[in-house]
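Participant: Protein sequences appear in the order of chains A and B. For the first sequence, this note's numbering assigns the number 1 to the initial residue and increments by one for each residue that follows. For the second sequence, this note's numbering assigns the number 1 to the initial residue and increments by one for each residue that follows.
Derived by calculation from the structure, the hints in this document are not laboratory data. Please note that a few of the clues may not be correct.
[As the list claims (entries may be wrong)] Mimicking SDA-like on lysine to any residue, the simulated pairs with C-alpha atoms at most 20 angstroms apart in a straight line are:
#1 A:86 <-> A:137
#2 A:86 <-> B:73
#3 A:86 <-> B:32
#4 B:64 <-> B:48
#5 B:64 <-> A:47
#6 A:86 <-> B:66
#7 A:157 <-> B:62
#8 A:86 <-> A:127
#9 B:64 <-> A:55
#10 B:64 <-> A:158
#11 A:157 <-> A:58
#12 A:86 <-> A:138
#13 B:64 <-> A:129
#14 B:64 <-> A:65
#15 A:86 <-> A:98
[Claimed, not checked] Here are some, though not all, of the chain B residues that point toward chain A, as calculated from beta-carbon distances under 8 angstroms:
#16 9
#17 27
#18 31
#19 37
#20 39
#21 42
#22 43
#23 45
#24 46
#25 50
#26 68
All C-beta atoms, glycine included, are put in the ideal place defined by N, C-alpha and C.
For reference, the chains in residue letters:
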Amino acid sequence: MSSPSILISGSPHPKTRSLFVAVAILFAAIAAGFGAFWLCTFFGTADLRSVSADRDAGLVWLRREFHLTDAQFQRIQALQTAYAGKCDLMCQQIMNANAALDAAISRNRRVTPEIQQAMSEVTRVQQECQQSMLAHIYEVSEQMNPNSAEQYLQIMKQRIIQPGLPSTTAVSR
Amino acid sequence: MREAANVDATWLTWLRSRLISATRVSVPRLALAAIAVGLLIGTTTGVVEASRWNSTTWNRLEAKYVQSIDPYQRIPSS
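Next up, chain B with everything else stripped away, as it sits in the complex:
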């Protein structure tokens, strides 16, 4: 039992040391990491949003062409 408790204590000590060391980052490094994450998220969502907008607009342009040759699609519905 004592041996098991020692093992647990070693584990906890190791884990705690890892956690503490993980939080011991310098402020510039933390800022850089946060900005990098912000840039990554912003870029990803921006690319996805641009792609979605382009797709919608492309379909709209197609509809515009179809409308220009189909008189039935020009007539406003009552």
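So here's chain A without its partners, still in its complex pose:
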């Protein structure tokens, strides 16, 4: 009953050699695994990495998600450019109205006409912004194919128009 290591006892350090081979194999396997992992993640994410670095990454998302043709995309891009300025203005109006309400709330200790007016202004600006946004969403959807437009409206409804509770939410009595 002799073990293989005794059989090759002619070698100076058979156990050391075996250990070295085992470690080398282990390292080679790990290196191969890391290499495969890196290659898969590098090439598998290359496309989206280039898209996300794009300045108009949001629009590229729109183009791909809804399979827009070049003509559709150009029209939507023009709409988006025209809307961007309006959106910046609305953003400023919202911030101003919120700041005015904040200041009025801090200045008073009861609901005064000043606070009422500030609240009305916030509501007015909010309504104006939502209407403007909805009009833009409808305009964009009109440039798409019917199925894509339906899908687009569905997503926008969830993300923007109804950002709070869905209409099916049960309300406690």
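Fit chain B to the given chain A structure using the hints.
Facilitator: Then chain B, alone, in the frame of chain A:
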């Protein structure tokens, strides 16, 4: 009893011979098998990780588009 013991011994002999033969693989074959396993694990986890990253990034791009048309999502929260 003796017959049962013989059967057990045959079993053990057979099992031992299988185990020993299983360990008698050549070094290149063992290395190849280990590298193949490493490649398989690396590829699988790489594909899963790339898929997860793509999914997260796609959602981020969607949020970016939504942010570009919704002034309320542009305002930094205090």
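Participant: Work down the list of hints and note, for each, if the structure agrees.
Facilitator: Each hint tested on the structure:
Among the hinted pairs, residue 86 of chain A with residue 137 of chain A is consistent with the structure: their alpha-carbon atoms are about 14 angstroms apart, no more than 20 angstroms. A threshold of 20 angstroms between alpha carbons decides the hint, and for residue 86 of chain A with residue 73 of chain B the separation of about 15 angstroms falls inside it, so the pair holds. Restraint check for residue 86 of chain A and residue 32 of chain B: not satisfied, since their Cα atoms lie roughly 63 angstroms apart, outside the 20 angstroms limit. A threshold of 20 angstroms between alpha carbons decides the hint, and for residue 64 of chain B with residue 48 of chain B the separation of about 24 angstroms lies outside it, so the pair is violated.
Restraint check for residue 64 of chain B and residue 47 of chain A: satisfied, since their Cα atoms lie roughly 17 angstroms apart, inside the 20 angstroms limit. Restraint check for residue 86 of chain A and residue 66 of chain B: satisfied, since their Cα atoms lie roughly 15 angstroms apart, inside the 20 angstroms limit. For a cut-off of 20 angstroms, the pair hint linking residue 157 of chain A to residue 62 of chain B stands: about 13 angstroms separates their Cα positions. Our distance criterion of 20 angstroms between C-alpha atoms is met by residue 86 of chain A and residue 127 of chain A, whose separation comes to about 14 angstroms.
With a C-alpha separation of about 11 angstroms, the suggested pair residue 64 of chain B and residue 55 of chain A falls inside the 20 angstroms cut-off, and the hint holds. As the CA atoms of residue 64 of chain B and residue 158 of chain A are separated by approximately 15 angstroms, the hinted pair is consistent with the 20 angstroms bound. Only pairs whose Cα atoms come within 20 angstroms are accepted, and residue 157 of chain A paired with residue 58 of chain A is accepted, the gap being roughly 17 angstroms. Distance hint between residue 86 of chain A and residue 138 of chain A is fulfilled; the C-alpha atoms sit about 16 angstroms from each other, no more than 20 angstroms.
Between residue 64 of chain B and residue 129 of chain A the CA atoms are separated by roughly 18 angstroms; this keeps the pair inside 20 angstroms, and the hint holds. The hinted pair formed by residue 64 of chain B and residue 65 of chain A meets the criterion: a straight-line CA distance of about 13 angstroms does not exceed 20 angstroms. Pair hint residue 86 of chain A plus residue 98 of chain A holds up; C-alpha atoms about 18 angstroms apart against a cutoff of 20 angstroms. Nearest Cβ of chain A to the Cβ of residue 9 of chain B: about 15 angstroms, over the 8 angstroms cut. The hint is violated.
For the restraint placing residue 27 of chain B at the interface with chain A, the shortest Cβ-Cβ distance is roughly 6 angstroms, inside the 8 angstroms limit, so the hint holds. The restraint placing residue 31 of chain B at the interface with chain A holds, with a minimum CB-CB distance near 5 angstroms, inside the 8 angstroms limit. Contact between residue 37 of chain B and chain A, as hinted, is supported at the beta carbon level, the nearest pair being about 6 angstroms apart and thus within 8 angstroms. Annotation: interface hint on residue 39 of chain B holds; nearest CB of chain A at approximately 5 angstroms, less than 8 angstroms.
Nearest Cβ of chain A to the Cβ of residue 42 of chain B: about 3 angstroms, under the 8 angstroms cut. The hint holds. A hinted interface residue such as residue 43 of chain B counts as satisfied when its beta carbon comes closer than 8 angstroms to some beta carbon of chain A; here the least separation is about 4 angstroms, so the hint holds. Among the interface hints, the one on residue 45 of chain B holds; its C-beta lies about 6 angstroms from the nearest C-beta in chain A, closer than the 8 angstroms criterion. The restraint placing residue 46 of chain B at the interface with chain A holds, with a minimum CB-CB distance near 3 angstroms, inside the 8 angstroms limit.
Checking residue 50 of chain B against chain A by beta carbon gives a least distance of about 3 angstroms; that is within 8 angstroms, so the hint holds. The interface hint given for residue 68 of chain B holds, since its Cβ lies 5 angstroms from the closest Cβ of chain A, which is under the 8 angstroms cut-off.
The structure shown violates the earlier hints numbered 3, 4 and 16.
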